[in-house]
Amino acid sequence: MNDGPRFTVTVPEEGASMDALGFWRTVPLDGSYAVGDDRYDTTLWEVDLLQELGLSKQIMEMELERVHLTQHILPAAGDLMHAYLLNEQTPRKMEDENFSIPAVEDSPALAELSEWMMLADAEMDFSLTGDIEEKLRQAASELDAFTAQIRSSLSQMAVVQTTAGGRLIGATRVAWLGNVSTRWQPGLEIEQAALHRQSVEMTLTTRHCWIRLAGLVSVSATRLIAAASSGIGLVTALPMAYRTITQLVQEIRTLRQVQSRAV
Amino acid sequence: MSEELLTFNGIDGTSGEYLVEPTTADEFKELALGERFGGYISELSDKDTRHKEFEMALISDVEDPSDISQAGWGVIFPADANKKMVDAIEDALGELLRHRKATAGERYRVYRGRDGYREGETKDKFLVRHGSAPGPVDPDVMPFYLLIVGDPQSVPYEFQYELDVQHAVGRIHFDTLDEYAQYARSVVSAETGLVRLPRQAVFFGVTNEGDRATEYSAEMLIKPLAEYIEKKKQKLDWESVLVPPEEANKSKLAALLGGDQTPAFLFTASHGLGFPNGHKQQAAFQGALLCDTSGPIPRGGSIARDFYLGGEDIAAEANLLGLMAFHFACFGGGTPYLDDYAKRKFKDPKPIAPYAFLSALPKRLLSHPKGGALAVVGHIDRAWSYSFKWGQAGSQTKAMEEVINQLFKGKTLGEAMDFMNLRYAEIAVMLNTAQSESRYSKVDAYQLAGLWTANNDARGFTIIGDPAVRIPFASVKDKPIERTSIEVVSKRDGDVPTVMVPKSMPGSEGTEEATSLGTPTQPGSRVVPQAAAGYAVQPQTVLDAYIAMSQRYEDVDVEEFGIKEDLAEKAKDIYESMTTALTKTTSRLAKFAEDITGMDVVTYVSDDMQSMDYEGGFTEGAKKRAFTHISIDGDTEVCVPMNAGELDETLWEIHNEMVNQAMVNRMEMVKAAAEILTNLMGVSK
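Protein chains in written order, with the working numbering: chain A, 1 to 263; chain B, 1 to 685.
It is worth saying that the hints were derived from the structure and are not from the lab.
By construction, the Cβ of each residue, glycine as well, lies at the ideal position given by its N, Cα and C atoms.
There may be inaccurate statements among the hints.
Said to hold, decoys possible - FRET-style restraints, in silico, Cβ to Cβ: (1) A/S100 x B/N643: 27 to 37 Å; (2) B/G94 x A/M118: 35 to 45 Å; (3) B/V638 x A/E61: 23 to 33 Å; (4) A/E61 x B/K280: 33 to 43 Å; (5) B/S490 x A/L188: 33 to 43 Å.
To be verified - No more than 25 Å apart at the CA atoms, straight line, and that leaves these computed lysine to any residue pairs for SDA-like: (6) B/K250 x B/K624; (7) B/K624 x A/Q247; (8) B/K671 x A/G166; (9) B/K503 x B/P480; (10) B/K623 x A/G166; (11) B/K623 x A/Q247; (12) B/K231 x A/Q185; (13) B/K101 x B/K411; (14) B/K235 x A/Q185; (15) B/K623 x A/V104.
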């Protein structure tokens, strides 16, 4: 079938092996292959749904909403971090968006960043305290995993396959330039087909999000270096930026959940 | 006022006409008066004075400037060049760098990253930044020998000229890593005894029928130089061979450049070819040497290939190991971006090439895989007969004689070339004085024009190659060791961009002329990729922006605050991985923008879903039922699925859903590309 990179959506399971934005689980493969290996032309994205059509539909819609929301949140998270680095007020609530962003002073992610920067800016001989060092170490590991994932996801072909109750209902091959070929089971019902189309949508939206996140982390790291008066170099700025951005995305998502419940 | 016309070397390869028509001195008077030296003249004056009055040493407290252990040796990269690329070049040059370091010891330097040449930097700023200043070189502070590794767009020729006044400066810039490695191996092989050449110098002067410029260069440059060596035969013990003008054709020159007649030292004088800005042959043949044309230079059409020798004419089996060559020819060394002649009548300088570049011929000579030349002295821009003909005084070749004399005594090329630099300093001071006098009294146009052209000409001779090389000739007592091929350099995949620092491309500053240059002909070479015109996202710019942003990273001190070594190592690995990911992303986005033409959406059905092969046989055993092609201009072709003579509506709906999804995907990809571009451009400013 496929020897290359493989991502599996695992709903609603979350854990350390999840991708940066919490949608896909990276599947380790046998042999010498490792995620991030650039040898493969095809990346397999598997969506394994339940046999019950209605429940699977609910799950997919929920996941799709989450991934689309994240797509919109990402630039806002970048803006928020940038505003913080420029010592500006929180960017105003974006009226056209269906989410709010936290005030700078209310953001744990920015508070942590502030702590980092204060340590870095202190013109004295010091070492990182255990807690900060541990967080930096964790951020570095997560960023490491993310860069491997994004490198894999940029293969020439993305193949998305959807199974429901163990039965393969559709497979789509998407070339980098956008050509799409889909293979269906004959006599497929329109609702089943819709599930697979949603799998494709989720895959491609995730890929766009990852690309945006990678760009955002790079840019934010550069801004962080520029904003710090001393002490912060590239090798720490990248994990710090990654951690801050992904945490801000999570904070904004959580804030929206709270607001949704309030409504 | 003299009405004598000034003549210039250089022939337009597309028409056979002169690159610069013979011109009256009056026209050049204005140009000469407009020459600006700035503070730089004081140093030229200083050099001139010190030489004339005090005979001061080139380098303080150094008895023998040709001794690298005393004089020091260093290499300069453009500061903004991509770090990985510089790493790769440094690695490819490894043999040479280790060889020089072993000799120069503490006086060995590598100027790269933040220590490298910074865009827009003058020689003075560069020196000051490194604790040095104009005047005799202190090799403890900065080495006397400096090798620039980079294209002249990223490290400008002007910087090289200025630095060369006190230091010995050379330059290399090749298209592939292999060529760097081959050049390094050639130099090290020549300096470690692989070759000990017979003491023979060949002087090759072309005389094109009815052409005053080459008549002058053959009679007043080539012939006197050959005679000078002949006269000094007793003392120098070098054989001088003058190629008769009727034999100065392409096949003879090819035999001298890598063929069975290749000497230890070759001096040529000829027209160099020039091409219109951006012409497809400009990269490959600008500066190619025009040989005997069996009659007058043909006009009214392209010059036939049989008449000129360029880089691609150097045979694969050629062997040039140990050769040192001088090419007196327009563009023989390289081409600047702007045309100095456009300054005439104070017009804005116009580009004569999409970007400054080194000529293909010296690059090929130096990087030949069987064994390359050690250095070529060539002219940047156009060459003038003022180099060797000084008004009514006639032939004046003393400086060049001295250069050759020094080389034949075993001195380094960099030290020997100081005689040319002294001549330049003297002429520059004379021109500056004449300019000053012109404010108060009438000046002779012919004299001013002569000074101006001589000044530019003297300045334009540059070393392509390591300035610390010397000719590996056999001693009088020993038997020569003939050329043999150097050991094959193991393959080093990788191209080097035509312009190493993309933001230094004239086009990136909005210059319209900076488009494509004809593809150079050396193996593996390439031109700078061009933006996809008219498309929302320009891939070249995305990549440029990313590179610029990465370079900002590199400017940041990597001395991190208090992090433990293992974590720092891990973070560095992540940075490498991140760089790869982003490079891959941007190249994918670039490919997306470059190759996007249309989009196909195809729907298949298959009874056997389990056995498909995603890598190669995705459609095997499946039946194509629907197809949609959307072209870039929006035209759409569709094939609809039929079932028993009727539209299969279910499948058609499913297919259309996938079409919509594909369109959204493409739009989102464009948005992602634009977003990355906007962000990267923002921080790279």
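Contradicted hints - numbers only: 1, 4, 5, 6, 7, 8, 9, 11, 12, 14, 15
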